[in-house]
Each structure stands twice: as structure tokens, then as C-alpha cells.
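Trainee: Produce the entire structure from the sequences given, and follow the hints as far as they go.
The primary structure of each chain is shown beneath.
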Amino acid sequence: MLLLAGASTAASLLVPRMIQSVIDGPIAGGDLTGLWLFGLAVGVLGIAEGVTIWLRRYIQARVALSLEADMRTDLYAHMQRLHAGFHDRWQTGQLLARATSDLGSMRRFLAWGLIFGLMSIVTYVAVVVQLLFMHLWLGLVVAASAVPLFIVARNFARNFIKASRNVQDQQGEVAAIAEQAAQGIRVIKAFGRSPHMQAKFDAEAGTLRDLSIGKLNISARSWSLFTVIPNATLAVVLVGGAAAVASETLTLGALVAFVTLQLMLIWPIEALGWIIANGNEAMTAADRVKDVFDTEPAITDRPSAVPVDRAKSKGLVRFEKVTFTYEETGTPVLKDVDLEVRPGETLAIAGATGSGKTTLVSLIPRLYDVSSGRITIDGVDIRDITLASLRTVVSTAFEDPTLFSMSVRENLTLGRSDATDADIEEALSVAQADFVHELPFGLDTRVGEQGLSLSGGQRQRLALARAVLVRPAVLVLDDPLSALDVHTEELVERALASVLTGTTALLVVHRPSTVALADRVALLADGGIAAIGTHSELLESTPAYAAVLSAESEEVNA
Amino acid sequence: MTAVQTDDARSWRGRAEADDADRTSAEADDAQSIERLRGRSQALLRDLLRPHRRRIVWIVVLLLIMNAANLAGPYLVMLGIDEGIPPLTERGDYTVLLWVGVGFVVVTLGEYLATRNEISLSGKVSQELLFDLRRRVFRHFNRLSVSFHERFTSGRVVARMTSDMDAIRELSDNGVHDLVLAALSVVSIAGIMLVMDVELALVALITFPVMGVLGNWFRKYSTVVYRRTRETIALVIVYFVESMSGVRAVQSYRRESRNQAIFDRLNDDNREQNIAGHRAAATFAASTKGIGNVSVAIVLMYGGYLVMQGDTEIGVLAAFLLYLRRFYEPMQELTMFYNTLQSATAALEKLSGVLDEKPEVAAPADPRALPRAEGTVVFDAVRFSYRDDKVVLPDLNLTIPAGQTVAVVGATGAGKTTIAKLVSRFYDPVDGVVSLDGIDLRDLAEPDLRRAVAMVTQENYLFDGTVGDNIAFGRPSAGRDEIEAAARAIGAHEFISALPEGYDTDVRKRGGRLSAGQRQLVAFARAFLADPRVLILDEATSSLDIPSERLVQRALRTILADRTAIIIAHRLSTVEIADRVLVLEAGTVVEDGPPEVLISGSGRYARLHEQWQDSLV
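Here the protein sequences come in this chain order: A and B. Here our numbering is used: the first sequence runs in plain steps of one and ends on residue 558. Here our numbering is used: the second sequence runs in plain steps of one and ends on residue 617.
Note that these hints are calculated values from the structure, not bench results. We put the beta carbon where it would ideally sit given N, CA and C, even for glycine. Treat the hints with care, since some could be wrong.
Unchecked claim - In silico lysine-lysine, DSS-like type, Cα no more than 30 Å apart, as pairs:
1) K509/B - K200/A
2) K509/B - K162/A
3) K200/A - K124/B
Stated by the list, open to error - If the Cβ cut is set under 10 Å, some of the chain A residues that face chain B in the computed set are:
4) L35
5) D88
6) S194
7) S304
8) E399
9) V447
10) V470
11) L549
Mentor: What follows is the structure in C-alpha cells.
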């Protein structure tokens, strides 16, 4: 590619010299054949230039775009591997900006800016060298014009990089408000707060406008100088050149060639501003992408990790002195938790709002790693089990059911792509999710944000069916029935009871009704297990438990 | 995990009702609607540019100066050679040459001032214009109904507000002035060449028809390719966003490798379209270069012949050669900015489509004020269905006197939530009237309606910012003491004070710092602070544990004492505080009365209550 770039540059540099030869030779001497020959040669060279440009760009298109696509693939793979803690901190929009616009500006620089910059420099040097040979003094004048250009370029780069980073960040702020205004539209409408949001948006958009105008003014100052310097040089060259012709140190043809060559410098110099801006943006972008690539997945396979066989797993789960602290808060959510769930047992986790129930169950599939202590399955520390096999053994349904813009089937078989229709039917009937057959295209109907909208209860039942379908050794359900009405909840519970008999299960519960599914209940309070036992035992022995989960307390107003 | 097989490479997406069914006109992409949108987007552009008319005149003047300065160079070179050198060589007379030099200085200075001011001024216009457009689109999105947003989805709102705005910014920052300058320079160079030497000019322009054919091909081909590029990148973006927002599910179910396979495929599709576009541009640009070079050769030969015949000056030939270079260069620039232009045009079409979207729940033309609502809610022969689907409420008649607390119960799909949405005017009835204090909601001034009616739902969206900010959303003018009082009243004060920075704790992305139950408490405090006459609770306690729910209920007894309330709940515990219970079945009220009366009867509510009692054991 560089070869092709060099070839086309050489072709374009040769043409002015040939024109000089034509003017000084055949035209001055009246040699018609010479004129035709030179003319043809100029034409051939011109076509050669076009062909080499075409070849280079044709090849370059695939190279550069593949580079971008490959980086995007790598970035996606890396982000998928990054732990939940990372994703808690980073807005999806920020990640998206890195995978699209940042990679785009890197590609533009590598494919365009870099080659273009190199070509400009090569052109500049080649032209100046030729000019020096043609006429030393005039050539020196042109060479000297590089000094002010360099100074302007350096100042421009320095100011521009700061300004463009500010603008990029402010664009993120504006996008964040737009995103929230769309997602929170019901709340905004319900409280009539559109003017409030509009005022916030106008303030951020106004800041963006002012920052952008500032950035453009930096360009205005520098780019106008970029156009002035070569023109001023041209004036000197013309006057000086004419004098040289008069004193016969330069031929007329040479002066024309000299000026033609010098004019060739204008475009590369003007492009310089653009290339510098582009290069700076690419560097900022590379920094932003690197931020993500440099984040090591905190949750990975240990070198010594071994896979476990789902079929042989008994499902004995044990928490040993488990302490957990979210990175940025510093206060432990769980302190020295000891807990054992026996094979086949169903254990409910109860506790007040914010007591850490969801955190506790998120540790089992290793969405987070314990801060100290350990969790074992069948006696093996879960960090010594390969992640892939751990997550086959453990299956999880969260309170907030995530559905993707895909067919119902694809959503259900997320954890088990080889499931047969019979398996799917079974899971659907456990979750009382037979409504899918009434959807316009049954299992092939697209659901999720871009598809048919389902009610909260329907989504929750699909998420439950998805967890059940995996037939895990350990099933983790985080308040999986909160959005169901009493009647459906009862049907689900009845069906779920049969699934739970052979499976170790942890259920996060809010309601006495769901507790019925559990063999034992653990009460979570102050970061530890305050009590553990059967529902009726705890009701009698532990007043705190009665306060959280007694049927009577729910009936308090009855 | 199996790789994506070719036959099911597309099937994962599943089928939608008809791919166009949930499209809005803002998303249209058939030829006819695009034609219509094109007209609208031009009208929008004119409207946006109107306040800047004077500045635009200045920009045009500056561009003309820049163009003239740009073209003066070769002309001055010609003058210098043809008129300046002869007197110099013959008489040693520098006068003409010095004047040419002065000319150069003037031109250079003019170009500098013009360029600097033009970039500055057009940057200002472009940023003001974008600011105006952003505000308009944002305001319009806010005005559009909830049902529109349900179909349109937040992802596409973000796409409109970011990547479409970017496309327009890119064009207005650089593109427009480059395009105008290029066009100006092509036209004026052709003119100058014709003036200098008609014969030579015609020879120079002999290649022009070829350029026309080439340009036409490129325009047609690239329009198609660029549109496909944008479609494929949209799919990449949607898949990326969903994978990352649902990353917990992805990781828990080891979905990574299949996700990667699908993503790679979408990414590849986009790359191939992109390559096709870039290659078309390469072909066009390289051909332009080649054609330009050939015409230089032709001019050289014919011009040289004319000089030999003494029919033209050598300076004219030199100027011609210089002009020809400037003639073809801008055309190459045109290809570079063609992509920008295409994207910006499409973006403006999409945005004008959004602005063209009529709010289904329209603001009243002649709003009636209701400064102090009493809170009497009446449904009069209300019929309602979502789009063309089945009827949800066939014919609802209901009067809720001011101050009454009404609980609505019934199976999933009975239409409970619809009632809540109609009172909040998220939707308008298909037939009949919903009124507040005798005023049709469709005639009621928006601020008065919103002050009177507030709703708490089960989704509890929290905005970026602190816990305090989120409560204050109910009444932005509230002070810290009022915010705390609201939190205390609802029983949220305790957990909020226990947070590391209390009311100033950042709730993080979508309130992720808080548990589902805590978010619900914040939402309650928010509604309480708003102090509405009519409060609607739609499954508002589903994520609360029993002690919190009990606290909320105790608070509700005092809060609801002098207000109208509509409570929708699966859990009958919430219903107990109601003065009146409505049992809804298929959109019809089948039972209506005080809870204690209904329980003692043998109707549906009595049965529901029994079922619920059983579930507690």
C-alpha cells in the first residue's frame, strides 16, 4: 500500500517537470513531434497515477475496515467477559461510544490520516528538494515557510486536543439526559415535569454549543494561517522568480514548473490542519478504548480451575466465612456468613429491604467474587471451577427479568441451546407461561424492547422458564414471582415444587406464600445469618423473622 | 456451545407482527414516505436557517471572497509571466511585477481574514442551529404520548439525539463550506478559462461529459450502499446495547459465545457494506484524478500547438494548467463529503419524521384551568383499546367522589392498569369521557392536570443524581426539610440516612445503588412530596418486604385521608385500607362495594380473599 502511495505521489510529482520540459523544449523550439510525445507521456503518467490511487484505496478499504471490525469484535468479546462490577459503573452509552465512534475515528486516522499525512510529508520533502535543485534561493524560501507552519501546527494540536475532549464528554452528558427522558417518560408525564427536564436539557445542550463554538474558533485561527503561509510564499517566489528569469538564472519553463510544483504544496498543507485534528481525535479515542481494554476481568478462571460435570454434581452449596464489600462503598454488605444448603434442599433467604439478599445469591454464579472467605459446591471452591461449567451447574433468574430483542425460543434457550421442543414445553408449563402459544407467531415471536411488549408478570414467567430449562444442579431464584397475581403465583408454585424436589435451590423471598416452597429459611440481618430453620420454627423462636415474614403481619390490617 | 448455523443465522431475531407494524412514520423507509419526508426535512431546514439569514448572507460573501482569492493565484502568475517579465528583461522595469506582488499580498490578506471569519461565523450558525434542533426534538419527544414511546423505544430516541445529530454536525461543521467552495470554484474556473481562451477552454472541458456520467453512477450507487451501511450499523448498535445492558443474564447463562457469533455476523455485514461504499468512492475519486490528468495532457498538447502557432501566450497555457488542477481537485473532495452529505440528509429526514409525529394525547387547543381540584373522577361510557387490538374496556361508567379511596382488583389483563393510565391521561379513551371535577381531561390545562393527579407504578424509574434529587422530582421547589419530611412520612428516612452520604448519595445508573424495595420507597416519597389531589398506586408495593409495606400502609392511611385514591394491587393486604372495592373482569365492573361487605358475601371478591388467605399459610 505504501508502495502504491509512493508510486502515485511520484507520478504526480513528475508531471510538472515534464511540463517544464515541454515548454522549454518542443514549444520553444517548435518541435511538433516532441510535443505529441511529451503530451502522450504526461497523459500516460496521469492515468498511471489514477490507477495506483484506485488500487491503493481499493485494497485499503478492506484492510482498514477489517481492522475496525476486528477491533469492535475484540472489544465486544472483552466487555462480555468483564465482571458485573464493571458494568455497574459504566453506562451502556459510554461503552457504545467506544465501540462505534471512537473506533471509527481510529480507523479514519489509520486508513486516511496516517497515509495522507505520510504522503503529504513525502510530497513536501520531494517538492522542496526539487525546488532547491531548480533554484537554490527560491527553494530555500519555500523550505523556510515550513517553520511558521510547524509552529502554528504545534499550537493548534495543543489547544485542540483539550477542546475536543471537552466536547466529546459534554456530548455524553446531553445523550444521558435524552436517554433518561425517554426511559423515565412515564414518571415525567405523571408529575408534569417536562419543563423541568427541558430546562436541564437546554442547559447541557447550551454548554455543548458553547464548547463547540470554542473548539471551532481554535480551528478558525489555525486553519486560516495554514492557507495564508503557502500563498505568501508563492508571492515571494513569483516576484523573485521573475527577477531570476530577467537575470537569466532561471528559464521561463522552469519558473512555470516551479510555481506549479509549489502550488502542489497548498493542498497537503491545508490538509495538515485536518490531519492534526484527526490524529488528536484518534489519540483521544484510543485512550478511551484503552481504558476498557486495560480493565482486566476481575472474575476469571484460575489457572488451576477444573470443569465439573453437571451430571455428577450433587449440589451441596456451602458459604464459609463469606464477607462481601462493593468496591466503591467500603462498607461490607455481608460479614462472615456461614451457610449450608444440602443437596436437593430448597432454602429461602428472607430479610428486610436492602439487607443483601440479592447480593448473597449473586455470589453463587460468581457475578461477583467474595471479598474474603469462600463458597464451595460439593466441597470445591467455586473459584477452582471453570466459569463455564460453574454456570452450567448454577442457573439464575433475577427479579428484574431481562429479555432480549429476539424470538421467544432464543430467549428461553439462552443457557441451553440444544433444548428440544419437549424440554421447552415442560419449562413453559412449570412457569405457567403457556401464553407464548397465543402470541402471533408462537415461539418465533420477537419479544423484548424491539418486539412485542409483554407485561411484567409475563416477562417474569419467561425468565423463570429460562432458568428451569437449564436443569441446573443449583437453581437460584431472586424473588421470581413478585409481579404475579395470587392465582398465577399459586399455579407456578405448585409446578415449581415438583422441579425443586431433585434440585438444590436458593430462593429470595418477600412473601410468606413463597416461603411454602422452602424446606428451610435463613434470615439475613446486619450482614449475617441471624437465624435459620423451618418457617414455623423461626416464627416461634425469632421475633425479627416474624416481623419480616409472618402471615399475621401481612394481615395486620385485615 | 454451537456456532450459528447458516440456516438459522437470522432466525434468532424471531418474527415481528409485520416488520412495519410497530414502525412510526419517524422510522419510515419506503420510497414514497421518504419522498414526503424529504419535502418536510427541507421545510424544517429552511425554518431552522431563518433566524440566521443575515449571517448566512455574510457567509456567502466571505465564501465568494475566499473563492476569488483562491482563483486569483494562477491569474496573478499569468500576469507576472506575461506582463511582468517582458518589461523586466527588456528595460529592467520592476513596476508591473511589484504590482503583481502587492496584488498577492492583498489577496493573501483577504483570504486570511475571509477564511478565519467564515469558519468562525459558520461554526456559530451551525452550533446555534444544532442547539435549536436538539431542543425542538427533545421538547417534541417529551410531548409525544407514552404509547409512542412504547413503540419507539428509548434506544431509538438516543440514536436520534446522538448519531443523527452527529451526522448533521459533521456536515454543518465542515461539509457545507467545502461543498459550496468546491461548487463555486468549479463554476468560476470554467468561466475564467472560457474568458481567457474559448478554444482552449472547450478543449479542456471536453472530458466534462465523462465526469457527468461518472458522477451520476456514483450518486445512484452510493445512495443505496450508504443506506444499507446505516441499516447494518443500526443492528450492530442495538445488539451491542442489549448485550451490555443485560450482561448479568448473558454471563449467568454462558451466552457469550453465541452472542459473539451473532455479533460477529452483524459486524461483518456492516463491514462488507462499508467496504462497498469505500470502494465506490475509491473508483470515483481515482477516475476523477485520471480524467483530470488526461485533460491536462490534452491541454498541454493543444495549448502547446497554439503557442507554436502564435495563437496564444505561454502564460495563458501556464495559467490553464494551474486552473485545471484546481478544477478537478474539488471534485475529489466532493466524494469525501458525499458520505457526510448522504448521512446528514438521511438524519434530517429521520428527525423531521420525529417532529412530524402527532402527539396521540394532544394538548388542549383551548385549555380550561383548574387551580384547586376537588378530586372527583368520573368515567362516562368509556371505551378503550390499544391500537386495533381487542377491546380492553368496552363501556365503563364509574364515579369516584372526591376523597374516596378505591381499590381495583381482578385477574391479569382485566384492564386495571388501563384505568390508571386513563386517569393519568397517558392515553385518551376511544369513546366516552374521563373527567376531573366535571372537566374532560382532554380540555384540562396540562400543568393543572399534573398538579392534581400523580401516579406511583411498579417500575419506579430513578434519574441520575442523588436520592434527594429524585424525591424532589415530585416538587422541584421543595427544600431539604420538606424532602426529609416526605421520606419520613413514607418510612424511607431510615434507610436513606444509613446510606454513606444520606440524601446526597448518588443512586447510580438507573438507581442501581438501591435495592428494588428501596427504589419503590423513594418513588412513594416522590409522589407524596408532589401532594396531588388524586393519587394512583399501580402495583406500587409489589417489591416491598412486609415491614416496609406495613409502614407504607400506615402512612397511606393518613396521606389518603383527604384525597382521592385509586389503588391497583394483586396483594389484597393493600386493598384493606380502601373505602370501596371494584372487581374488574374483562374491562367490566362486576362487583362494587365496601370491602367488609364484599368479604362477607359470596361473590368474586370473597373468593379472591379466601384464596389469598390460603396463600398466606
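Trainee: Taking the earlier hints as the rules, which of them does this structure contradict?
Mentor: 7
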